[in-house]
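Each chain is listed here by its residues.
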Amino acid sequence: MSDASKVLLSGNEAVALGAFEAGVRVAAAYPGTPSTEILENLAAYPGVDCEWSSNEKVALDVAIGAAYAGRRALAVMKHVGLNVAADSLFYAAYTGLGGGGLVVAVADDPGMHSSQNEQDTRQYARFARVPLLEPADSAEARGYVEEAFRLGERFDTPVLLRLTTRIAHSRGPVRVEDPSPLGGRGRPAVRDPRPVPDPHHRSAREALAALANDPGKYVMIPGNARGRHPVVENRLARIAEWAETCSLNRVESGGGSLGVVSAGVAYQYAREVLDDASFLKLGVVWPLATGLLRAFAAGVDRLLVVEELDPFLEEALSLMGLKVEGKRYFPLAGELDPATVRRGAAQAGLLTSEGEPEAVPGLPPRPPVLCPGCGHRPVFYALRRLGAVVFGDIGCYTLGALPPLSALHTCGCMGAGLGNLQGALKALAGEEEGEMEGTRGRPVAVIGDSTFFHAGLPALANLAYNQGGGLVVILDNRTTAMTGHQDHPGTGRTLAGEPGPALDAASVARSLGVEQVTTLDPYDLEGFVAVARGYMTSGRPAVIVARHRCVLQARERRPAVTAVAEACNGCGVCLRLGCPPLVREGSVVRVEAALCTGCGVCAAVCPRSALLAEGAIPS
Amino acid sequence: MMEADFILAGVGGQGIILAGDILAGVGLQAGSDVKKSEVHGMAQRGGVVTSHVRWGRRVRSPLAEPGRVGFLVGFEALEAARAASYLRPGGLAVVNRYRLPPPAVTAGEAVYPADDQVAAAIQSRGAALEWVPAQEEALRLGNPAVAGVYLLGWLSGAGVLGQAVAEETWVDVLEGLVPPAHRDLNRLAFRQARAARTA
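Chains as they are written, first to last, in this note's numbering: chain A, 1 to 619; chain B, 1 to 199.
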């Protein structure tokens, strides 16, 4: 029997729906997998002012400002984004919001599907003394947004809403009322904004006036902050009391003597594998309802925690003096899934192991690659030819690290490469002149355009100010490509689709004090090499803005490159580009025309003129 | 209400996410609880894309489990082989007769598995294999992008699914999810495939 009132939403779409229904007025984010679609969806609802901020810290400050002004505000980021925004989370925890609501939705990426590390955001809740809610499916993701705002407004605190990849990017049924605010594919289709929830009956102007009269609460100079710290600690204790009877924590009694404490998607895996256990399913993951946990533990013979990443709950339960097992059986590193939980349960003697099917051996891998025609490819090819040591960054261009390009040598976090470059140059400065001939072995930094505006600006200012002598290549594809083509300060368009001033990376670099700045199209491989060689050996700071619009967005197509089999000697130089349409067939290379965008970079590198491109190199 | 797990496996850009959405929508329409999961992000730059769709009375995990999946929808032969360990004995794989060589193969450093190796990977799981001319038929219809919907049409007519869910349920969901300009072509591809399978 069908149920027309149910729609399938991803966790991210569900959070957006929940935020709209909760009357959120301001939402800000920097894109980051797996969190990106929250703001993309929320922006389509009426009455919510949504922005792509230049980074997560700015996004959180924007949301805090709106909450200070008495409205409900949402900040969204991926787990590592919260590192960038951590300073702001901590001051907001001290000041509180004074009647406005602030929810920070953070999506962790266990398994690192699209991340540089596995971080457990639950640690930030304990660290910053703020409550954290964690939904276990799309329906909860939607409902927990309102719950989070109520909790935060009641106790005057920011609230973390933690998602993980398998919640954010899984679809499940969500019941919507009639008339539905959603149209086809779960997309927003509603005209009227939701009213502002306003328990204090204050305008934004009145809220700000109240803030201005309360410096002891909002001006975190030492004398005031000392007064706030006990408030924060006391608040957390009161929230823990509230959590004891909160309906978001629930006991599901099973028949057996085993009790499982779990939350989020780990709860779903455990519930599926250990079906007859009793469960304490936590929605309020921090602070913990210790009385509830003790009572649950007392009612079972064996207590197990199933949780992804850190032993967060397990440690807290151990500190309470409870006899509990967890990471002994379930891995700390990597993503959980039903098979992993089944394996752990078998190790714990709770199930008999059934043996698992083995992966099919000997299949060639299929790593992600830069797209055919991607403007990053010639840059990496050129940097490799120049023998540069390349400090990298976060984005599609990190794929330049993979063979055959193998031309990106570090990837740490947003903006890191520029500072790394400067430090490496300082270290090199002590070495004998002449040991480094030409460009070989010299460090270079590459950073994407969106990443440059995110975390590159202070680092480039530092490079110019401290007279670092290196080359920074800004890989400017006019978008935030990796996360699905979001706008940023350089694109001249906001999330709302409004035109804005497009910051020009070259002008910005000049005004930060870099004198050698060139903008070029990297399809002009030789042009790039010439400029890069000069800059790398100049001893002064330099920036190349390598600008070519993301091919996925531009969808530009020139006639495919033609391979002349008679001229090809199979040397394989073109294959070092790692471009998908170039296929070795017997002793020659052919071009898979359907995949080729005709960029002509392969024709430029072919020493035998066996690859012919039509008018691809811009003059 | 029907209980079934599906794995859709292929390469970024093949329309796997849409096909998964259709499959999930059909399950919901047919009265099942449904969950669906896949990974976005780096996987889509020509990498492997795997979508899990689960129908059941009460679906807990959004991920299906290796060795327990009834239906594998292979959008590409190599990726079908890679996902074969998900199949349970008695399961069914419908696989697009289509090869997209990965970089190691195009560079001449690795060999693409032969059809009988792909078949062996699936059959060693105790599952049945049906090769589907989805790419060929999609090209004949004028757009390779409908190969995924052709595969779904084939799947819809296969085994217990054919009896469990009516053709019109599939078509309704399909029409709700495909952009209006592409509706006719997708409906045609679906119906042709289902007819070819059930003929």
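Just so you know, the hints here were simulated from the structure itself, not pulled from any lab data.
Glycine included, every Cβ here is placed at the ideal spot set by N, Cα and C.
It is possible that part of the hints are untrue.
Claimed, not checked - Partner residues aside, some chain B positions facing chain A, computed with beta carbon under 10 Å: (1) M2; (2) K35; (3) S85; (4) R97; (5) S124; (6) A128; (7) E130; (8) V171; (9) L185; (10) R187; (11) L188.
Status of each hint after checking the structure:
no. : hint : in the structure
1   : M2   : 12 Å, violated
2   : K35  : 5 Å, holds
3   : S85  : 4 Å, holds
4   : R97  : 17 Å, violated
5   : S124 : 8 Å, holds
6   : A128 : 16 Å, violated
7   : E130 : 18 Å, violated
8   : V171 : 14 Å, violated
9   : L185 : 18 Å, violated
10  : R187 : 16 Å, violated
11  : L188 : 20 Å, violated
Of the numbered hints given earlier, the model fails hints 1, 4, 6, 7, 8, 9, 10, 11; all others are met.
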